[in-house]
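Asker: Protein sequence lines correspond, in order, to chains A and B.
If you use my numbering, the first sequence corresponds to residues 5 to 324, in order.
If you use my numbering, the second sequence corresponds to residues 35 to 728, in order.
Hints are not guaranteed to be accurate.
Which residues of chain B face chain A? A partial, calculated answer using Cβ under 10 angstroms [to be verified]: (1) Tyr126; (2) Gln445; (3) Ile452; (4) Arg494; (5) Ser495; (6) Trp656; (7) Glu658; (8) Arg664; (9) Gly677; (10) Thr690; (11) Asp693.
Since the hints were made in silico from the structure, they are not lab data.
Just so you know, these numbers come straight off a predicted model, no measurement behind them.
Note that CB positions come from ideal geometry on N, CA and C, so glycine has one too.
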Amino acid sequence: MSNVLVVAEVKGGAVRKPTLELLGKLKQDGHTASAVLIGSGVQAQADTLAGHGAAKVYVADDAALANYAQDRYVAAAADAAGQAQADMVWLSASEFGKALGPALAARLGAAFAADCTDVTISGDAAEVMRPAMATKVRQKLRLKKPGVKVVTVRSGAFDAQPAEAKSADVATLAAPAGDGRIVVKEVVQEDTGRVDLGDAATVVSVGRGVRGPEGVEFVQPLADALGAAYGASRAVVDSGWMPFELQVGQTGRVVTPDVYFAIGISGAIQHLAGMSGSKLIIAVNKDPDAPIFSVADYGIVGDLFKVVPVLIEEIKKHKS
Amino acid sequence: MQAELMTLALVAALAVFAYSVGTKVRLFARMAPENRIDRPWQRLGLLFRIGLGQSKLVARRKERSAGAMHFFIFWGFMVLALREIILFGNAYHPGFQELLPLLGSDSPLGLGFLYTFLYDLTEVVVLAMVAIAVYRRLVIRPRRLDLNVEGLVILGLILGVVVTDLFYDAAKFNLVALWGQDLHLLHSPVFGAERTWAPFASLLATGIAPWGHAINAGLVEFGYWLHVGVILVFLNLLPLGKHAHVISALPNVFFGSLGYPHTPAALLDLEDEKAWENEALGVTRVEQLTWKQGLDVYTCTECGRCYDICPTYVTKKPLALKWMNDALRHYLEEEADHIIATGRSSDARQLVGDVIRHDTLWSCTTCRACEEVCPVSIEHVPRIIAMRQAQTLMQEQYPKELTPTFRGLEQNANPWNIGYDKRADWAAELDFEVPILTEPPTEAVDVLMWVGCMGSFDKRSQKVAQATARLLQQAGVSFAILGTAEKCSGDLARRSGNEMLYQALARENVETLNGLGVQHVVTQCPHCLNALKNEYPQLEGRYEVFHHSQYIARLVDEGRLTLAPSVEGTVTFHDPCYLGRYNREYDAPRKLVGATAKEAPVEMRRSRNESFCCGAGGARMWMEENIGRRVNEERVRQAVEVGATTIAVGCPFCMTMIDDGVRQSGRDDEIKVKDVAELVLESLAKPGTEPVQH
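Generate coordinates for the entire structure from the input sequences, incorporating the hints supplied.
Answerer: Below is the structure:
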């Protein structure tokens, strides 16, 4: 049984799911988990972490931590790792973890492994699995260096456990001092008011088959019914029917949702490059020879203007 | 007195001229070195053909009238150069012409008199051409020309040169004939008086005779010195503006690229750590352009032939090459003192970013139409690649859409990052087996089929690969593929300035090909063709490489494939830039298209060496096209103009772009886009049918 500190990631005032997945795994494997919360106004999240299995929650809540600041965040996490006498520190391999993990490992003088898909702790050593060579092979690494070890773990590698109602055992950390070499002044975010393509579990994309801006509006209710992000192929964007930010493909966004609907998209290779990593692909196209069907798990050959209303109706029925 | 005055004028004018030209030469000496004096005989060939022959000016049908006008002005200058020697000599020795070999009164065959006739005629011809040039600028106003004062001043000076000489001659004739003065004109018992050989000046003389002795005598003096003045002012204005080409065009043509159009991009030494430290890979600073590229921008006359031939300019993108030349020249002028003094430009402005905007640099499709039509051999594309190299390697300032493409090339050797193990899957759909070359010797194989990333992975292009394989098999060619050992040729990496990635891919391919002892290669992708044929030799990869249209055309010639035309409707062939302009193959695909189409194929208004790019070259396939109209849609419009119902292509990128353009135009029910190999496969004669001749 080991003592593991999870560095919690908070976005939009809530703990992100990958953090809860890490806690879920630790609970499942019967390790002692603690967590560290860093940010401004994040104290309220401590109970969530406790509910998912954090025996102790270290909190660094300070106005200076409102935006990610490498120096201060590393200092706070290192402080927590020391106080918790952690054998390991786990972070999710998100942008946050990718930035913080290696710096924290360096600060602690710790062994480090990035982008792991599995972690097994046995005694003093830890074994991790991680994809390498462009995911062609999987590596098994053994972190043998004595002392604390730091890993980042891919989101989705583990499952979060159901939450219990629990109030946290909170230890407040002193406000970490920064060296001031890097200061994040402002975070600019574009607010589309829609589900973000990159985060979405379900994506609906439309192609040239929608024939015009009216067609784009025609399919929109399908995305709404599914709570999905709405995307487009290059042809739709080039025609000016949808903005470039919503383009899926080689030169646009690369998405890997659980479910991807390709509506009226023939499936040019430039588009496939942006979505073929989706877990389940459903295509609607009138041309049975369209290349999209070669990557689709389910395909409907038919006129999208007839198929989509039926889909919407069925989904609504299923939901109610 | 005349002699002293002339000496004074000459010394002053030549000193100023030497100073301004000397400044340029010192500037060029500080720019990157490049050997452009090798193989002088071949260079003389360029000089004769492009320079003296004015081939780029007169050979283009669409520009023939303007080209002819320039031809006459150019040769007018050549003829009158000798006249100037005579005139300037007259200041030192009246009747200077008599001293010149073969030009005096007693010259054999009356050469001196014949020359008199020639220059007299030339002066009138030049006068007419100047009138046409002014008319074009003020009345016709072709889009490629921008009216400016400098152009008119220069035309005015040319006018001045001939008019003053005509008046000088005419007045002289009058002084001799009417007032009996001896002005050392040519005279011989056989050929008579000089005047009879100068009909136009003579006519003018008759016209001004009534003005009387005083005015005629004054005109001789005044006309002479005005002429000398105009010439010397003209000489000194030339180096200052866009008319420097009068001086620099012939040298620029002489120093032109001997390898054109096959010249590979410059191979950078990526192991050179100093170069990385000094930001000396590619062109970050203007002095890193070669001296020839410096001479290029001074030679640009802003004639604008590169304007309306350029697919990006036509579709309203910011790249207009003559303005790029103009911007570079002004920037060089601005930095000249600093560069001459210190060897490097000041940091006042960035070459890329401030002088050349990023959008401008990345608009180029590297189609090379500009170089094809430039009358003075300016090399536009290499310097664009060189600036991209610096942007990509040193500044990491390339369009961000290229990032996943580069990653795909790094990880799986294809732009989409599809698993490399799937590279030969296209061949599994064939009803025969395509052997995969794994070890030498390869004598048993006639040719290696290089499939390329598009043919390997893109569904549409896979059909072309399959058609090509079927044709080779039908013709009994023994061929093989590399299978999963083939990697992207690296063309797109090189055109986007990612020389490191290009060299990594190219070296691995060369190692594979050399290791297998491959000698003959056939490919459906002109970009692979160009890389393997023209660029791999830099890395010790030397193969005989054919475009599939060339190889198939040969099989047809040898009778190994027999065709019976089967393609209905109007067919037109779209030339791929990297097959046509880069590798000079226009006929093989046309021959195949002609042999498969039932009607005689038609040509689009932009075809062969003036073909219009599809928009995908220069790695543009992998970048967004957000500015102006889309190049591929413009090309489809040109095909619609000639009523094409089938657009034949010979490149997988053209296929994608043209097909996309057709769909976007909503004409996908009327117009088909087919590769030449597919047309040939459709038209293979059943045994017993005879091919039809057009």
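Asker: State for each hint whether it applies.
Answerer: Status of the hints after comparison with the structure:
Interface restraint check: Tyr126 of chain B against chain A, minimum CB-CB distance 71 angstroms, threshold 10 angstroms, status violated. Against a cut-off of 10 angstroms between C-beta atoms, the interface hint on Gln445 of chain B holds, since the closest Cβ of chain A lies about 4 angstroms away. Evaluation of the Ile452 of chain B hint against chain A yields a held restraint, the C-beta minimum of about 8 angstroms falling below 10 angstroms. Annotation: Arg494 of chain B was flagged as interfacial toward chain A, and the flag holds, the nearest CB pair being 7 angstroms apart, inside 10 angstroms.
The interface hint given for Ser495 of chain B is met, as the beta carbon of that residue sits about 8 angstroms from the closest beta carbon of chain A, less than 10 angstroms. For Trp656 of chain B, the shortest C-beta to C-beta distance to chain A is roughly 6 angstroms, which falls under 10 angstroms, so the interface hint holds. Checking Glu658 of chain B against chain A: minimum C-beta separation of about 5 angstroms stays under 10 angstroms; hint holds. The interface hint given for Arg664 of chain B is met, as the beta carbon of that residue sits about 7 angstroms from the closest beta carbon of chain A, less than 10 angstroms.
The beta carbon of Gly677 of chain B is not positioned within 10 angstroms of any beta carbon in chain A (closest approach about 24 angstroms), and the interface hint is therefore violated. Annotation: interface hint on Thr690 of chain B holds; nearest CB of chain A at approximately 7 angstroms, less than 10 angstroms. At its closest, the beta carbon of Asp693 of chain B sits 9 angstroms from a beta carbon of chain A; the interface hint therefore holds under the 10 angstroms criterion.
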